[in-house]
Amino acid sequence: MKAFLDVVFSIFWKDLLAERRTREILGTMLVFALTVILIFVFAFDLSVEMRSKAAPGVIWVTLCFAGTISLNRTMSLEKDREGFDALLLAPVDRTAIFFSKALVNWIYLLITAAILLPVYALFNNVNLFNGGIAGVVLLGTLGYILTGTLLSTLSLQLRTRDMLLPVLLFPVLIPLLLAVVRASTILLQGGIEGELSTWLLLLAGYDLIFMALGIIIFDKIIEE
Amino acid sequence: MKKTPPLLILLDVLASFALVIAFWLIMTYAPVELTMGKVQKVFYFHVAAGWTGMLGFLVATIVAILYLKTGDLKWDAASQSGVEIGMVFMALCILSGSIWARPVWNTWWTWDPRLTTALIMELVYAAYQLLRNSVDDPARKARLAAIYAIVGFTSVPLTFISIRVFRTIHPVLVASSDPSTGTFAMTSRMQVAFFSSLAAFTLLFAALFWHRFRLGRAQNKLRQRQNELDFGGEE
Chain A
98 MKAFLDVVFS
108 IFWKDLLAER
118 RTREILGTML
128 VFALTVILIF
138 VFAFDLSVEM
148 RSKAAPGVIW
158 VTLCFAGTIS
168 LNRTMSLEKD
178 REGFDALLLA
188 PVDRTAIFFS
198 KALVNWIYLL
208 ITAAILLPVY
218 ALFNNVNLFN
228 GGIAGVVLLG
238 TLGYILTGTL
248 LSTLSLQLRT
258 RDMLLPVLLF
268 PVLIPLLLAV
278 VRASTILLQG
288 GIEGELSTWL
298 LLLAGYDLIF
308 MALGIIIFDK
318 IIEE
Chain B
121 MKKTPPLLIL
131 LDVLASFALV
141 IAFWLIMTYA
151 PVELTMGKVQ
161 KVFYFHVAAG
171 WTGMLGFLVA
181 TIVAILYLKT
191 GDLKWDAASQ
201 SGVEIGMVFM
211 ALCILSGSIW
221 ARPVWNTWWT
231 WDPRLTTALI
241 MELVYAAYQL
251 LRNSVDDPAR
261 KARLAAIYAI
271 VGFTSVPLTF
281 ISIRVFRTIH
291 PVLVASSDPS
301 TGTFAMTSRM
311 QVAFFSSLAA
321 FTLLFAALFW
331 HRFRLGRAQN
341 KLRQRQNELD
351 FGGEE
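Line by line, the protein sequences give chains A and B.
Per this note's numbering, the first sequence starts with residue 98, numbered consecutively.
Per this note's numbering, the second sequence starts with residue 121, numbered consecutively.
Since the hints were made in silico from the structure, they are not lab data.
One thing to keep in mind: the hints can contain errors.
What the hints assert, rightly or not - Derived coverage of chain A by chain B (criterion: at least 3 residues anywhere in the stretch with Cβ under 8 angstroms from a Cβ of chain B; other residues may be distant):
#1 100-112
#2 253-263
Said to hold, decoys possible - DSS-like cross-link-like pairs, simulated, lysine-lysine; straight-line CA separation at most 25 angstroms:
#3 Lys341(B) with Lys261(B)
#4 Lys194(B) with Lys261(B)
#5 Lys111(A) with Lys176(A)
#6 Lys150(A) with Lys317(A)
#7 Lys317(A) with Lys261(B)
#8 Lys176(A) with Lys261(B)
#9 Lys123(B) with Lys194(B)
#10 Lys317(A) with Lys194(B)
#11 Lys317(A) with Lys189(B)
For clarity, every value in this text was computed on a predicted model and none was experimentally measured.
Beta carbons: idealized from backbone N, C-alpha and C, even for Gly.
Pulled out of the complex, with its shape left as it was, chain A reads as follows:
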């Protein structure tokens, strides 16, 4: 187990180090996310009370779109410079590659969320801060990243490369998106207690199922 975690963290640190030197992924994600928020505000001409009502939807759609940037980039980074072959040559458990890449993507998405939420709150004068929201963001982004890392590894091997990722990913994500948006809405605007726990249960279930699927199937995705 310790050896496994060592591999996960060494690939993780390698990616973070590369990102620290280039700053290409996080920078792009953040600017893109802020642009999307801006487009939403203008497209729907959100009034004050609508801004807080629409907050969960707008924020999660934005995170979803921004997330595809890091999902595509962390994988194509390896492909471009033949890094993936090197990773595959290493005598390590390949599931460790999956978890390290998922971890990197997760951190990027969490950082984006940590900046995006206060900015949205500030611009739109709504309060988004409570412990429940943090939990929903953690669970929601985790599920997103697990599914996304799996499918971005897959789409990397297609002729069309990253073009197809959103098409493959978003339909599969719908239960997750629905759960996070509903849970966030209940937390921000109040609702039935029982419904919140149902959504959280669904979120946790989604995360568990896709983590298990990742462990079982990732080997097969990178077989060549």
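Following the hints, position chain B against chain A.
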């Protein structure tokens, strides 16, 4: 290519007969439903098409797992057959449902769990087809498509549950009847028509699946021959 097996021809004939009989039962034997009138007859085709669509996707997923286990390209052909037939029947199910919903619910479409799940399934399998189109190497295509078929199908029940948490207006077949949603209790004559329609569609599925599967295998064989011709001299 081998000649059509006699069993398949028999299956074709059986499926055709069963469809005609089911159609006759639905139109003449089953009584006209009291509140909904003649449009209720759509139900017999609608449920059968939905069942066939789900069957297609389920079969596609099971054989996708078999492909990943064995690496035999015939399972890939089977998986693609299941998806293609599933998509056609799921589309028929959505269309026939809309035709029924217009007079009964007074709308072509609602965001009900079953309707939404059916639509999302169509999207997932449309993505599956795009994925297939975007890989050239047959073994790689088969492997990636199988993985996506499994990942896609995993999310189907989750999608259904998640949308179910919103209240539904879709009639539940086996439940107490609530006329306001279009739910009704089936009489025994209706049941006869219903189950014969279900059986007829299942036979039709089996026949179509077999044909499509044979086509897929013939395509594989053709590609193999072409490769042999292209590289034959160099081996």
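Hints violated by the structure (numbers, ascending) = 1 and 6
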